[in-house]
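K.L.:
Using the sequences and the hints, build the whole thing.
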Amino acid sequence: MSKRDLPYVDPQQRRGVIYRAYARLVGTRAMGWLSRRVVWKLDPFLLQLSRGRMGMGLLLPTALLETCGARTGRPRRTGVIYFHDGERVTIIASKLGLPRHPAWFHNLRVHPDVKLGGQRFHAAVIDDESERARLWQLADQVFPPYATYRERAAHAGRAIPIVQLTPP
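No gaps in the numbering here: position 145 of the sequence shown is 145 in this note's numbering, and each next residue is one more.
These are calculated hints, taken from the structure and not from any lab test. On a predicted model such as this, the values are computed, not experimentally measured, just so you know. Accuracy of the hints is not assured; some may be wrong.
As the list claims (entries may be wrong) - Under the rule of at most 25 Å between Cα atoms (straight-line distance), these lysine to any residue pairs were calculated in the SDA-like manner: (1) Lys115 with Ile126; (2) Lys115 with Pro61; (3) Lys115 with Glu87; (4) Lys115 with Asp85; (5) Lys115 with Gly69; (6) Lys115 with Leu60; (7) Lys115 with Glu131; (8) Lys115 with Leu138; (9) Lys115 with Pro161; (10) Lys115 with Cys68.
P.N.:
Laid out in structure tokens, this is it:
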């Protein structure tokens with residue numbers, strides 16, 4: 001993937017009715033099923049081929065996250081929703097609120113140096129509860145279904161991790 005600036009995503013930007021309706025649709029169980037079966041598999045290829053200009057998220061701010069496999073050390077790619085918090089980039093390891101964390105989260109815990117949208121970052125998991133609460137407020141503005149995912153994950157006994165990426 002060629003190096004180009006990762007588009008800045010302001011979480012406090014007012015989002016239009018079409019964006020909000022699309023985010024609501026994407027957050028439904030039916031779309032979650034489609035996402036797990038199709039989107040998660042196609043998105044990395046589409047993002048890589050289009051150099052990050054087009055992904056399965058369409059209206060949602062998505063970028064290609066490149067991690068190193070925790071066990072294999074091989075490159076792994078997945079599309080993630082992101083937003084900026086100053087110069088840091090925030091990603092949410094929601095996996096639709098399912099009982100297990102996404103594989104990319106395990107990978108970046110072992111190998112915290114990652115790429116997002118072709119740019120290098122260092123990943124850190126946010127553990128401070130007040131900081132998590134502040135970031136959840138921002139995340140919910142970018143993608144409202146995160147609230148439903150948090151409830152679903154809590155019901156399964158999982159707290160959804162929040163990861164912040166800092167440029168090197």
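K.L.:
Each hint should be assessed against the structure and marked as holding or not.
P.N.:
For each hint, the structure was consulted:
no., hint, result
1, Lys115 with Ile126, "holds (18 Å)"
2, Lys115 with Pro61, "holds (16 Å)"
3, Lys115 with Glu87, "holds (15 Å)"
4, Lys115 with Asp85, "holds (17 Å)"
5, Lys115 with Gly69, "holds (13 Å)"
6, Lys115 with Leu60, "holds (19 Å)"
7, Lys115 with Glu131, "holds (23 Å)"
8, Lys115 with Leu138, "holds (22 Å)"
9, Lys115 with Pro161, "holds (18 Å)"
10, Lys115 with Cys68, "holds (10 Å)"
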